[in-house]
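Here is what each chain is made of, one letter per residue.
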Amino acid sequence: MGNTFNWRKIPWAKVLSVAFLVLFPLLVDSDYYRHLFIIALMWVVIGSSWNLLSGYTGQVSFGHAIFFGVGAYTAGLFTTKLSMSAWWGMLLGGPVSLLVGIVIGWICFRLRGPYFALATIAIGEIFRQVAENWISFTEGMQGILIIQTFRSKIPYYYLALGLAIACVGTIALVLRSKWGFYFIAIREDQDAAEALGISSYRYKSLSLMISSFFTGLAGAFYMNYMAFIDPQVVFSLHYISIMAILVGIIGGVGTIWGPAVGAFIMVLLQETFRSSFYGLVPRWVSEAHVLVFGLLVIFVIRYMANGMVGDWPKIQQLWSRPKAVSSPSVSGN
Amino acid sequence: MHFFETRRLTKAFGGLIAVNDVNFQVEEGEIYGLIGPNGSGKTTLFNLVTGFHPITSGAVRFQGKELNGLPTWKICKEGIGRTFQIVKPLRRMTVLENVMAAAFCRTSKTSIARDKALEVLHFCELDQKTDFAASGLTIGDRKRMEIARALATGPKLLLLDETMAGLTPQEQYEGVELIKKIRKSGITIIIVEHIMHVIMNLCDRILCINYGQEIVKGSPNEVANNQAVIEAYLGKE
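Chains as they are written, first to last, in the working numbering: chain P, 1 to 333; chain U, 1001 to 1237.
Next up, chain U with everything else stripped away, as it sits in the complex:
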């Protein structure tokens, strides 16, 4: 049994097949990369896993349990946390309140939620900004808060959707370190990213998709040197 897998996962929006027959398996403790050109269906795949879109056909299994048809909030309770490519801060709440709202996923007591939130904010090195209004954060800190919030829900699997996009090289470096730290704490990660040095640096295995279909699966090196991947990104000669 795999820790997480999709079986023949397919999503059609009317006549457009956004995700087509995608199979992949993730083992516990891995960092699994998901790459592909713009519009290839990476975010749609995340939306299928987390129940934002209903699945057309196929299955998503997590720790031996089928997730098909579960509402988003239940999938979070099952232990899958996610971030959004376009960050969704709860704007009129402080950073601490944002993360506390997430920490209530595993407790009903305000004091426990507060402690958990402070712990996660410390882990994500946001402890200087706990009382900032979420609407006033820089893009780098917003992305970080997005990760902190997902972590506060107590996930076993974390889906990161382009958490490095729009960051400075220094922030990207810090982001990579944070993701390594998250893996070390025992959380499995699936990451969608366009920035290749980030992906190559972090991932144990990579799946590349285009037009919703699998092109190749393998180690970072295998994928980077694959002719079909190069064609998908750069076009044919």
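The following block holds chain P by itself, in its conformation from the complex:
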């Protein structure tokens, strides 16, 4: 039985998921499913970044489209204005977005709680308006069109997978360090944190910087992959900022793997509606997707406030009821 115990200690679910993701494009010869997985992996990056700032540091952002959009536009404008390779833009998407994050933190972290969340909505709308109206710089509503580097989906797939692993890995490392302790302390009680020698302003900013960096990279990746962006898409409150929150909430706020799970659920759900359940139901049903997302959030908040990952023991009990109730572990998954 000793062997069994050790064997069970290996996090099989995580090892197998990563192995599956690495092999996926080789196993599935379908550009359609490869595309869905690329988008889901991109959302792993955005959701995990949002979760670091909002789930772990307690600073709820309704404006992650800012960083996504800035990253995307950085990549796009470097290509169209300076005729550089969009891949240089991809590298710069993260740092430029990080700089924007510093400025936003400098302004907004004087505000606490709901005021920070409100400020991020306002700043998000400002960025969208500027991108729509500063036509000489951003091409306005026409958007930016570049030429894709690869015709195959596979290079993009592995790039997205690399980004997702780098992002989740970095966050997992940060959370084990002093920074992670400080982020969570600030979330739990900002006054207590200050009394323990923690500069809440500095560490909230650091959290925002990591978060904006990875979200910016995801945006720059989107530019390279989709080859077309416009302000309505990349600075969208609905499609980016709110989606980032949904990914976090469905998967599990304040858990490392939560947004990764949430990203796949949300992207598959969104696609199911977009395609009218793969053509099985009339078109008007797909219009109801916002309603369904809303109901889903209500359901999750009511019955599994810690999301799929945070409340996994609860979900397991549903089909292992006869067994003894397993106590949920306190430490993060």
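No lab work stands behind these hints, which were simulated from the structure alone.
Any given hint could turn out to be false.
Claimed, not checked - Subject to a maximum C-alpha distance of 20 angstroms in a straight line, what follows is the list of computed DMTMM-like cross-link-like pairs (lysine to aspartate or glutamate):
#	chain 1	residue 1	chain 2	residue 2
1	U	K1156	U	E1222
2	U	K1077	P	E125
3	U	K1074	P	E125
4	P	K178	U	D1131
5	U	K1077	U	D1131
6	P	K178	U	E1028
7	P	K178	U	E1030
8	U	K1217	U	E1028
9	U	K1074	P	D189
10	U	K1077	P	D189
Use these hints to put chain U onto chain P, whose structure you have.
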């Protein structure tokens, strides 16, 4: 030069003067008591010292350095630790993680912070509860963890704000022993407390304030027998 002192310390919230012209000096190694009826300004005084409220006028000096205008976290780094009257546990962290978060004040290495936290938890006799969630502790243990956390920041001066309130007599006795042990380890203490036998037992000197103003300063005996103190607590005949 005094180890710690306030000079003409004053705080006004609009028209209400919560702390009015308070002067007192604390020497290294002392346990200094701060008493006064409810609402007399004791906690406000702590909040001024630790930078939670900006000072209206006057000064706070610690080891020859003026603390006015420093943010709370820097005052902690200077070596002043505090507990809160209404405890503030970091609820979704374990007891060990709470104290580790504090221990990071003096180190950036997780292993050193963990060792320091375990040492402090042992000192505070919380070693049986290191893996408990902070939200699940009894009030007695919460108060103890509050002290452990302040100690883990490596203070030279510790401000204790009613750490005995709400405890059973047995817990109070253990609390007094813990505070004596802290003093023995070389940390100076300023303590706010309503429970008189605790104050009388522990303190070398006491300052009594009412309506934010000093009534009397002196040894426990002098203060306990002072007519103005008795009137402040019990009213005039």
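Tested hints:
With a C-alpha separation of about 28 angstroms, the suggested pair K1156(U) and E1222(U) falls outside the 20 angstroms cut-off, and the hint is violated. For the suggested pair K1077(U) and E125(P), the alpha carbons sit about 40 angstroms apart, so the restraint of at most 20 angstroms is broken. Between K1074(U) and E125(P), the direct Cα distance comes to roughly 36 angstroms. Violation of the 20 angstroms bound is thereby established for this hinted pair. With a CA separation close to 19 angstroms, the supplied pair K178(P) and D1131(U) stays within the 20 angstroms bound.
Proposed proximity of K1077(U) and D1131(U) is contradicted: the alpha carbons are some 27 angstroms apart, above 20 angstroms. A threshold of 20 angstroms between alpha carbons decides the hint, and for K178(P) with E1028(U) the separation of about 31 angstroms lies outside it, so the pair is violated. For the hint pairing K178(P) with E1030(U), the CA-to-CA distance comes to about 33 angstroms; that exceeds 20 angstroms, so the pair is violated. In summary, the hint linking K1217(U) to E1028(U) is supported, as the alpha carbons are separated by about 18 angstroms, within the 20 angstroms threshold.
Between K1074(U) and D189(P), the direct Cα distance comes to roughly 17 angstroms. Compliance with the 20 angstroms bound is thereby established for this hinted pair. This hinted pair checks out: K1077(U) and D189(P) have alpha carbons roughly 19 angstroms apart, not beyond 20 angstroms.
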